[in-house]
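Participant: Sequence:
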Amino acid sequence: MKISGVDIRPGNIIEYEGGIWKAVKIQHTQPGKGGAYMQVEMKNLIDGRKNNVRFRSAETVERVRLDTTDFQFLFRDGDMLTFMDKQTYDQITLDAGILGDAAAFLQDGMDVVMELYDERPISVQLPDTIEALIVEADAVVKGQTASSSYKPALLENGVRVMVPPHIGAGTRIVVDVYEQTYVKRAD
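In this text, residue positions in the sequence shown follow the numbering used here: the first is 328, and each later residue adds one.
Bear in mind the hints are in silico, worked out from the structure with no lab data behind them.
The structure presented is a predicted model; accordingly, all values stated were derived computationally and were not measured.
Treat the hints with care, as some may be off.
Said to hold, decoys possible - Each pair of labels, with its calculated beta carbon distance range:
1. ASP435 / LYS360: 49 to 59 Å
2. PRO337 / ALA385: 40 to 50 Å
3. MET407 / VAL467: 35 to 45 Å
4. PRO491 / GLY345: 23 to 33 Å
5. HIS493 / ASP394: 36 to 46 Å
6. LYS413 / ARG383: 38 to 48 Å
7. GLN366 / THR508: 30 to 40 Å
For each residue, glycine too, the CB sits at the ideal point set by N, CA and C.
Required output: the full structure, derived from the provided sequences and hints.
Facilitator: Laid out in structure tokens, this is it:
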């Protein structure tokens, strides 16, 4: 399926220059002169190379359809992650690098979607948001509350995110896994 270059989102798998690439980060830029474009940081799913590419809205890329299977994350052993197929109960072990920064958000028993290309696992999709506990949050600096200021906070998994001033240590929050940003306070 062909999509416009500006419709690429993080996590999309695209075919580019004969390889299978995953969009890791995107940045939409609209310069004062000329047309808008999407700056896409991509990772090759076969050999792990990274590439930064600029796509204009007139350009199209082929979005690759992968076979998807429901898996459950079982445990982490160093840099290796073990998953179980929810239908066949087969276990598969993958390098944590396949998930990138999102690997820190894996929780035991978490349901994930494994993407397969020619029966070979090349990508793991986590839920878009998860709940996490803040273990440490900086104090609010007095006088900075007039503007929408955020402060750094450390989550239980070791990831730092920026949170609003009213959020303190011991609070459960919802975090966007791929952007690593605060979404809302957990209910």
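Participant: Mind checking the hinted window 36 to 46 Å against the Cβ distance between HIS493 and ASP394?
Facilitator: holds, 44 Å
Participant: May I ask you to test the hint 35 to 45 Å on the CB atoms belonging to MET407 and VAL467?
Facilitator: holds, 41 Å
Participant: Within 38 to 48 Å: is that where the Cβ-Cβ distance between LYS413 and ARG383 falls?
Facilitator: holds, 41 Å
Participant: Does the Cβ-Cβ separation between PRO337 and ALA385 fall within 40 to 50 Å?
Facilitator: violated, 22 Å
Participant: Has the hinted range 23 to 33 Å been met by the Cβ atoms of PRO491 and GLY345?
Facilitator: Once the Cβ atoms are compared, 45 Å apart, the range 23 to 33 Å for GLY345 and PRO491 is violated.
Participant: Hint says 30 to 40 Å; check whether the CB-CB distance for GLN366 and THR508 agrees.
Facilitator: Given about 19 Å between the Cβ atoms, the range is violated.
Participant: Starting from the range 49 to 59 Å, see whether the pair ASP435 and LYS360 falls in it by beta-carbon distance.
Facilitator: holds, 51 Å
In summary, the numbered hints that this structure violates are 2, 4, 7.
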